[in-house]
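Throw the hints in and build the complete structure from the sequences for me.
As you go down the protein sequences, you meet chains A and B in turn. If you count by the working numbering, then the first sequence holds residues 1 to 361, one letter each, in order. If you count by the working numbering, then the second sequence holds residues 1 to 198, one letter each, in order.
Worth flagging that the hints you see were computed from the coordinates, not collected in a lab. Any given hint could turn out to be false.
What the hints assert, rightly or not - If you want a taste of the chain B side facing chain A, the calculated C-beta under 7 Å gives, among others: (1) E51; (2) D64; (3) K72; (4) T172; (5) I176.
Here the structure is a predicted model, which means the values were calculated and not measured. Even for Gly, the Cβ is constructed at its ideal location relative to N, Cα and C.
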Amino acid sequence: MKTVRIFALAGFIVFVLSCQTPAVPPEVGQAREQENNLWRAGAAVYAKEEYTQYLASLRLAKDKLIKEKAKFGWFRNYKEVEAAFREVLTQGQALLQSVEEEKALKSRTLSEQLEALRERIQRIWKLILTINETQVVRRSLAQAEVAMMESEALLNKEKYAEISRKIEIIQFHLGQAEEAVFSILARYADEAQVETWRRWAMETIDESRKKGTTAILITKLDRTLTVYRAGKVAAVYNIGLGKYGLSDKLYAGDEATPEGRYKVIKKFPQSRFHKALLIDYPNDEDKKEFSQAKKKGLIPPQAGIGGQIEIHGGGEDSLTGGCVAVEDSVMDKLFSEVSIGTPVTIIGSLERVAELLASLK
Amino acid sequence: MKNLVRIFVLGFFAVSLFTSCARQPSQEMSDTRAAVDAAIKEGADVYAADELKKLNDDLTAALDEIATQDKKFFKKFGTAKEMLAKVKADAEVLKAAIPAKKEAAKNAALTAQQEARAALDEAKALLEKAPKGKGTRADIEAFTADLKGLEDSFPEVQAAIDREDYFGASNTAAMIKEKAAGVSEQVKQAIEKVKGKR
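Written out as structure tokens, the structure is:
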């Protein structure tokens with residue numbers, strides 16, 4: 001009887017020891033870590049719906065765990081819990097991939113948008129360095145560039161939502177810059193205007209050829225001064241113009257460079273700007289235009305027509321008040337080669353710039 | 001023997017009465033939730049997002065522990081209460097730390113704003129000093145336009161500070177400073193170019 005009792009007690013001890021509380025499956029901890037990773041990856045932002053579904057699945061799995069943990073230790077069975085958490089982990093893995101893909105797509109799309117805007121900025125820069133009329137344009141460009149730099153910094157920090165607002169700012173300032181460039185260059189895209197300039201240029205060159213004389217052709221858009229001898233190109237020099245040099249001069253102080261057929265009327269061997277050749281601006285056509293503009297109220301009532309338009313030294317990178325500036329060494333050559341009465345024709349361009357403008361719009 | 005059985009039954013009912021009728025720590029739960037909400041209201045989601053996430057996770061863990069105990073026959077909410085108390089204390093610490101973090105972000109934004117202002121002023125001063133002549137007028141006009149553009153962008157920094165977007169303000173100010181420094185560098189180069197020509 002005693003032996004039976006001992007066996008019974010031993011059997012009970014073995015039963016108790018063998019019925020240990022089972023451990024919580026490792027998938028539970030893995031899911032916790034995964035959920036943290038998903039949150040850090042921005043799942044709530046980039047895959048809101050799927051993330052909500054994932055959290056619901058995680059909640060269900062946790063509820064199963066709670067239910068199982070509530071049982072008396074010996075009766076706990078985590079098989080169902082383990083399966084539920086495995087499913088959550090699979091769902092989370094797919095979600096993480098989807099979030100990464102979404103972020104990559106967003107980053108790529110925004111990078112492309114910024115790249116397109118960067119190209120627009122570069123195109124305008126190229127244009128303004130050519131036309132040298134920059135006040136409004138550069139002011140807008142500076143603002144666009146600040147917003148562009150901010151966007152690039154935000155892109156690196158993966159703050160995509162804020163970039164969209166910055167892109168709107170960039171587009172606004174670029175629009176203003178392009179509008180300003182367009183208003184300056186509109187005349188250069190007008191076929192009738194360009195045809196007139198071509199005619200003036202051809203007449204000047206023909207006259208030089210027929211008479212065997214020297215003539216000067218200034219092309220404002222190209223920033224060049226071409227010397228013709230007997231109708232043939234003898235030399236081409238770079239020039240500098242005024243702040244509004246691409247516009248046609250209308251009145252004194254507008255800082256524009258006149259367009260038309262002129263001639264040298266005086267030579268100054270000593271000038272504030274090395275040496276100078278004075279041309280006969282305003283000619284009859286200029287006076288007519290000035291009178292019409294004044295009648296229409298297009299110019300200030302007190303404004304005069306202006307004068308003293310010269311080709312002078314001082315350097316091609318000068319900013320004139322409407323004159324044409326060349327390097328002093330060039331001025332020395334011109335001064336000795338050009339005589340009083342030499343035709344000086346100033347035109348905007350020989351080519352239409354429609355394509356150039358089209359690239360802006 | 002009869003007495004022994006009675007004692008066991010009575011004891012069983014007494015234990016059941018004191019354990020199965022243990023109540024959820026409702027007050028602690030709502031206090032802890034309120035503490036977390038207060039931290040969020042203070043700006044934890046902006047200035048301490050990681051810490052807030054941990055706080056929310058810890059709160060969920062405490063609530064899960066309550067749910068587990070709630071399902072048990074012998075309920076023990078002691079651990080859950082400890083967990084809630086820790087979350088509440090952490091939330092209060094976090095809430096208390098937010099003003100300092102906010103202040104630090106604000107100070108960083110103000111410093112960035114001052115640096116941007118200084119960079120703009122330096123560029124302007126350089127431009128003022130630049131020799132104004134035929135050779136530099138075009139460059140001066142161009143750089144003046146650049147600086148006007150940066151001046152136009154400058155109020156955006158204050159606007160961001162006013163709406164408490166300190167990180168945005170710092171970012172804008174940093175870019176203005178960088179661009180202004182770029183203009184200063186170009187002005188210096190232009191001055192050097194003129195000096196070289198003389």
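So, going through the hints one by one against the coordinates:
1. E51: Since the shortest Cβ distance to chain A is 13 Å, the answer is violated.
2. D64: Hint on D64 of chain B: holds, closest Cβ of chain A at ~6 Å, below 7 Å.
3. K72: 5 Å, holds
4. T172: 6 Å, holds
5. I176: Nearest chain A Cβ about 6 Å off; hint holds.
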